[in-house]
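Asks: Fit chain B to the supplied structure of chain A, relying on the hints for placement.
Here are the chains, one letter per residue:
Number of protein chains: 2
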Amino acid sequence: MAEKEEIIGITNPKSNFSEWFSEVIAKAELADMRHNVKGFLVHRPWSVMTMELMYDYYEREMRRTGHKPVWFPALIPESNFKKEAEHVEGFIPEVFWVTHAGDKKLEEKLAMRPTSETAMYSMYSIWIRSWRDLPLKLYQRCQVWRYETKATRPFIRGREFFWIEAHNVFATLKGAEDQVKEDMKITENVMHKVFGIPFLFFRRPDWDKFPGAVYTYAADSLMPDGRIIQQPSTHLLGQNFSKPFDVKFVDKDKKEKYGWQTCYGPAIWRIFASVIALHGDDKGLRFPWEIAPMQVVIVPINHHENKSVLGYCEQLKKMLDEACVSVEIDERDYTPGWKFNDWEMKGVPIRLEIGPREVKEKTATLVRRDTKDKKKIRVKSLVRELESEGEALSQKLRREADSFFRKNMHQARNMKELEANLSKGGFTKIAYCSMDIEGVPCAQKIKDELHGDVRGERADKPENPKAGKCIVCGKKAKHFVYVGKQY
Amino acid sequence: MAEKEEIIGITNPKSNFSEWFSEVIAKAELADMRHNVKGFLVHRPWSVMTMELMYDYYEREMRRTGHKPVWFPALIPESNFKKEAEHVEGFIPEVFWVTHAGDKKLEEKLAMRPTSETAMYSMYSIWIRSWRDLPLKLYQRCQVWRYETKATRPFIRGREFFWIEAHNVFATLKGAEDQVKEDMKITENVMHKVFGIPFLFFRRPDWDKFPGAVYTYAADSLMPDGRIIQQPSTHLLGQNFSKPFDVKFVDKDKKEKYGWQTCYGPAIWRIFASVIALHGDDKGLRFPWEIAPMQVVIVPINHHENKSVLGYCEQLKKMLDEACVSVEIDERDYTPGWKFNDWEMKGVPIRLEIGPREVKEKTATLVRRDTKDKKKIRVKSLVRELESEGEALSQKLRREADSFFRKNMHQARNMKELEANLSKGGFTKIAYCSMDIEGVPCAQKIKDELHGDVRGERADKPENPKAGKCIVCGKKAKHFVYVGKQY
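Chains as they are written, first to last, in our numbering: chain A, 27 to 513; chain B, 27 to 513.
Isolated chain A (complex conformation) (with noise of 0.2 Å):
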């Protein structure tokens, strides 16, 4: 017992992030690195039981949009991929390929799918003969494989991770625009109203969208470090697939038309990565009420010498069951204060410490893993005090979480701005030239000069510099955009 009490508790301060970072997620037993398959994560029962809870709010509000669960075969023909030439250029060098089945050679290459496209829109295709077929709206959950070439990270990137992805079609170009609006609109309701992680929406300059989009928006949040890591995206794919894949449809007017296509892709995984990083404090996790894949942990103290503690406990954790909230008690063989660092670790959003004197005023000493303060709780209003806590401790860290973001946002006027601003971390506003092919070299001059990557202009809401001039190249500045150091 004593053994293992000393090695409990995280030792870098969360300033060290990335050793935290990795440290929290071997102590909290998330996941594990050691399958020996590069870049391939074990994901232990902590973090799947968060992850499986991400899904569920996540895949409530696609359902609430009007989208339709399905499941794709996770394996794709060379052949589908070859279809659409700026999707196979942008995705092949990522691709694993299967070759044999047993001890025979397969006739065509099968990829394993990066993403759904090329299987999704063959059977689009079929699917889809009239405008009363439209629009059509699909998701699925599941897991997706790239080579991944850059360093690999739990839950950063890897190459192989859990994401959804939705793949919609339209009769009009209108539709189509409208549902990358609601895309933006569903991150929100989730991502940030859920899961407490702040954002913002940019449109990639062209050099950076994703292969065969007519356009690409992608929510960039921030890691604890000022770094910039990419969540969900959206695509407007227009007809760029629905011609090569022939998704036609007939029209009112009777004429034969292409579809108007988006796709959108939230990655769980990656979302986690924000869940753990934005929440977390030097003593560990600290997850949302929502999310908590345990939201109470009830300690009993001085169970030994007063029998009548562990029933009381069975009690409240009977009443908590009833109401739904999740909730274990920590019978272990080890000391409160060590069940209290445990706990705190994993980040359980509030503790129930019960001992004899609670049994006799039938009460509960509740603790926030927040705020550390404790009160006293009648056991008559237990559930609504959970209630009302947990999700006040969510509210506060969305707003530590906000208000974090907010102060990581800068602008700067020129390059020698720009320079103190990446070292500082965060978002930097510029006036700058162009986001189609002529604004390359400028964005290259900042990624070689100062290591900052250009993410784009906002889409919520564009900026217009007006008479500024590009702070790389002095041409006529078209936008601003967005520059940070990237994940």
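These are computed hints drawn from the structure, not numbers from a lab.
Remember, predicted model here, so these are calculated numbers, not experimental data.
Do not rely on the hints blindly, as some may be mistaken.
Note that identical chains are pooled: a pair holds if it fits in a single copy or bridges any two copies.
[Claimed, not checked] 16 Å max Cα-Cα, derived EDC-like pairs, lysine to aspartate or glutamate: (1) 280 with 232; (2) 94 with 462; (3) 53 with 282; (4) 388 with 234; (5) 94 with 354; (6) 53 with 112; (7) 487 with 203; (8) 344 with 356; (9) 344 with 308.
Replies: Relative to chain A, chain B alone:
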């Protein structure tokens, strides 16, 4: 509209089972076989919504019995596979191999998991240290891939399917044996009590057990054509894997010991085949209330003439939404009769017909999918009535399935009787010489001459043939075994 009305409805009677099954899958839009990789199915919303609910019930039961969820990588190095000799021999012929990534050849080829023993147990070897770490009970919901060479059929046999796999480790053989019993109980609690699918667990003959197992208990159910379909199986692995994978722990007596293991694999995908097949009728699907993708459909009548009808339907929908009953209003531009047929084909348990009369009376006309019984319900008691009618429907479906199962249990005293029974379908109980290697020739003879498969002896209550003789070879019978034709 007329054109579409003509093609609706199932044309094959269920007695033409094979054609009926394919027709229902296509017309009720459960799945599509036209993805261009053989044996890989595209799952449409109507099947996915059902299977998601089936997963929910199964996972809840897994968690209730102390299992925790994990997500393991889809790719497993060839070297892991080779650690357990029987296992590698059993699975290697079915493996899809990844040999390349991008344009690079991989140093070691990677198997797409056909099952996860060899991925998980190498991690178990790291995680398990002491008796305190046991039992370890983990499961994952995932897909697996197997290069089946037999003919594939949707939801029955495919090269990609969706299941749950549980992998448990215990300090003692007794612990592992108790788990096998718990797995049988879990199967009963979910597959029979909730999904309404009857089955019997058989201890498989040695020549038919899971590769690497000490013994296999497998649940066999029946399809409407009297053929057997294997459903979940649970395996006592003993120390057959813990030794090669080095899954050891220090016991209370300070001695290092190998763990005792079990694994259990309910294939949601295949259980869904039984749900379609057993509960369906000549008109199409019939879903139990608990797993129906839509529990109630509201069909408005004369709503074009009477403007109050749709508003009233909306009120009912809101009431049911709040009561967590899944419901849609069918406002499509078809006749009520067409809609009735459509939703009957799709298996929605209860239909509410709402016309001006119902609005005026504050009632709803409720029609059950199974009995076709119509009754008027007052709005005040609607939720309660729906729940009780829904439950009654589920019970009726289960009772019908149970009765069909019972009627298909036969006995035979000689090969001639066995032959006659096999042509009727179902299970035939016979006295049999031996379930170990000596029994192979008799099984082979039954297979060659009568196309029957020896499924093993009852796992729930072994039956003793006493002085009986094997009906094939005439030697002393050690077991009663059950024979049938399998899918």
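Asks: Run every hint past the structure and note whether it holds.
Replies: Comparing the hints with the structure gives:
no. : hint         : result
1   : 280 with 232 : neither (35 Å within a copy, 64 Å between copies)
2   : 94 with 462  : neither (35 Å within a copy, 49 Å between copies)
3   : 53 with 282  : neither (59 Å within a copy, 25 Å between copies)
4   : 388 with 234 : neither (61 Å within a copy, 58 Å between copies)
5   : 94 with 354  : between (34 Å within a copy, 13 Å between copies)
6   : 53 with 112  : neither (42 Å within a copy, 36 Å between copies)
7   : 487 with 203 : within (15 Å within a copy, 63 Å between copies)
8   : 344 with 356 : within (15 Å within a copy, 41 Å between copies)
9   : 344 with 308 : neither (33 Å within a copy, 46 Å between copies)
Of the numbered hints listed earlier, those contradicted by the structure are 1, 2, 3, 4, 6, 9.
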